[in-house]
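Chemist: Sequence:
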Amino acid sequence: MEKIYERTKLIQADKVSGFCPGCMHSTIGKLIGEALEELGVLEKTFLITGIGCCGLHIDYVRCDNTTAAHGRACAVATGMKRSRPDSIYITYQGDGDLASIGLAETMHAANRGENITVIFVNNGIYGMTGGQMAPTTLVGMKATTAPKGRDPKEHGYPMHMCEILNQLTAPYYLERCSCNNPKNLMQTKRAIKKAIQNQIDGKGFSMVEIVTSCPTNWGMSAMDALDFLEDNMLKEFPLGVVRDRSKEE
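Sequential numbering from 1 applies to the sequence shown in my numbering.
Quick caveat, the hints were computed from the structure, so don't treat them as lab data. Please note: incorrect hints may appear among the correct ones.
[To be verified] Okay, derived cross-link-like pairs now, PhoX-like style, lysine-lysine, Cα gap no bigger than 20 Å in a straight line: (1) Lys183 - Lys203; (2) Lys153 - Lys142; (3) Lys193 - Lys142; (4) Lys3 - Lys30; (5) Lys44 - Lys153; (6) Lys183 - Lys194; (7) Lys247 - Lys235; (8) Lys30 - Lys194; (9) Lys30 - Lys193; (10) Lys193 - Lys9; (11) Lys44 - Lys247; (12) Lys183 - Lys30; (13) Lys247 - Lys194; (14) Lys15 - Lys30; (15) Lys44 - Lys9; (16) Lys142 - Lys44; (17) Lys194 - Lys44; (18) Lys183 - Lys142; (19) Lys193 - Lys203; (20) Lys44 - Lys30; (21) Lys247 - Lys203.
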């Protein structure tokens, strides 16, 4: 019998995902693995994970990996890429890790145009650490540190990281995607593959922001969380290419 689909070699065969149903981390891991295999660079890839749910990937992946101190994944990837430029370095970070405690590292790596690939998982809340308000939490959305909902007068507005980094000169590629339906899932895979190819080609800093759900901390079922993502998250964080310098070449 011909095998037409198989598990990506990035994910260890004897592991079962421990992620909450509906959070999309497992799906994103699969897409990264498929992209690496199709590009033929899985064996030379190093994954740098952020703290929290993103860091759980170290239990599942077969490639070399490390967990950076909270927020420092882009800084760690910078040092590793400069010391071994022929390897592929991917950071995998959540919104609290990348856009809050790691904002400086993210901004400066992007501003320098470091030749790394950043996967930014935006679910609008801190996941593993207890459901606190994140830089991307929507206005009015409740969190453990904003029990009455995010109030712009007190907490400011959600941060749009692709658009913020787009103000810098150096970044090569910035795109916002999601995995909430088959069409968007396939686009997310194309974006991840493009971001990795950019690194292979030495183009510089590429970031793929993936808008996801966190049913556990949103207090919703996995299906209700998909509706919330479609009706609320994607209105605040519209999908699409924010910058692609290859179109200018």
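Chemist: Hint by hint, note whether the structure agrees.
Modeler: So, going through the hints one by one against the coordinates:
Under the criterion of a C-alpha separation no larger than 20 Å, the hint pairing Lys183 with Lys203 is inconsistent with the structure, at around 27 Å. Taking the CA atoms of Lys153 and Lys142, the gap is near 15 Å; set against the 20 Å cutoff, the hint holds. Of the supplied pair hints, the one linking Lys193 and Lys142 is violated, its CA atoms being roughly 35 Å apart against a limit of 20 Å. For the suggested pair Lys3 and Lys30, the alpha carbons sit about 18 Å apart, so the restraint of at most 20 Å is met.
Proposed proximity of Lys44 and Lys153 is contradicted: the alpha carbons are some 47 Å apart, above 20 Å. Pair hint Lys183 plus Lys194 holds up; C-alpha atoms about 17 Å apart against a cutoff of 20 Å. Simply put, Lys247 and Lys235 have alpha-carbon atoms about 26 Å apart, too far for the 20 Å limit, and the pair is violated. A C-alpha spacing of about 16 Å is found between Lys30 and Lys194, which places the hinted pair at or below 20 Å, so the restraint holds.
Taken as a hint, the Lys30 and Lys193 pair is honoured in the structure, with Cα atoms around 12 Å apart against an allowance of 20 Å. Between Lys193 and Lys9 the alpha-carbon distance is near 16 Å, which keeps this suggested pair within the 20 Å criterion. Distance hint between Lys44 and Lys247 is unfulfilled; the C-alpha atoms sit about 28 Å from each other, more than 20 Å. Between Lys183 and Lys30 the alpha-carbon distance is near 16 Å, which keeps this suggested pair within the 20 Å criterion.
Straight-line distance between C-alpha atoms of Lys247 and Lys194 comes to about 13 Å, which keeps the hinted pair within the 20 Å bound. At roughly 13 Å between alpha-carbon atoms, Lys15 and Lys30 fall within 20 Å of each other, so this suggested pair holds. As the CA atoms of Lys44 and Lys9 are separated by approximately 13 Å, the hinted pair is consistent with the 20 Å bound. Using a Cα cut-off of 20 Å, the hinted pair Lys142 and Lys44 is violated, with the two alpha carbons roughly 42 Å apart.
Pair hint Lys194 plus Lys44 holds up; C-alpha atoms about 17 Å apart against a cutoff of 20 Å. In summary, the hint linking Lys183 to Lys142 is not supported, as the alpha carbons are separated by about 30 Å, beyond the 20 Å threshold. The hinted pair formed by Lys193 and Lys203 meets the criterion: a straight-line CA distance of about 14 Å does not exceed 20 Å. The suggested pairing of Lys44 with Lys30 holds, with an alpha-carbon distance near 17 Å, which does not exceed 20 Å.
With a CA separation close to 13 Å, the supplied pair Lys247 and Lys203 stays within the 20 Å bound.
Violation of the numbered hints given earlier is confined to hints 1, 3, 5, 7, 11, 16 and 18; the remaining hints are satisfied by the structure.
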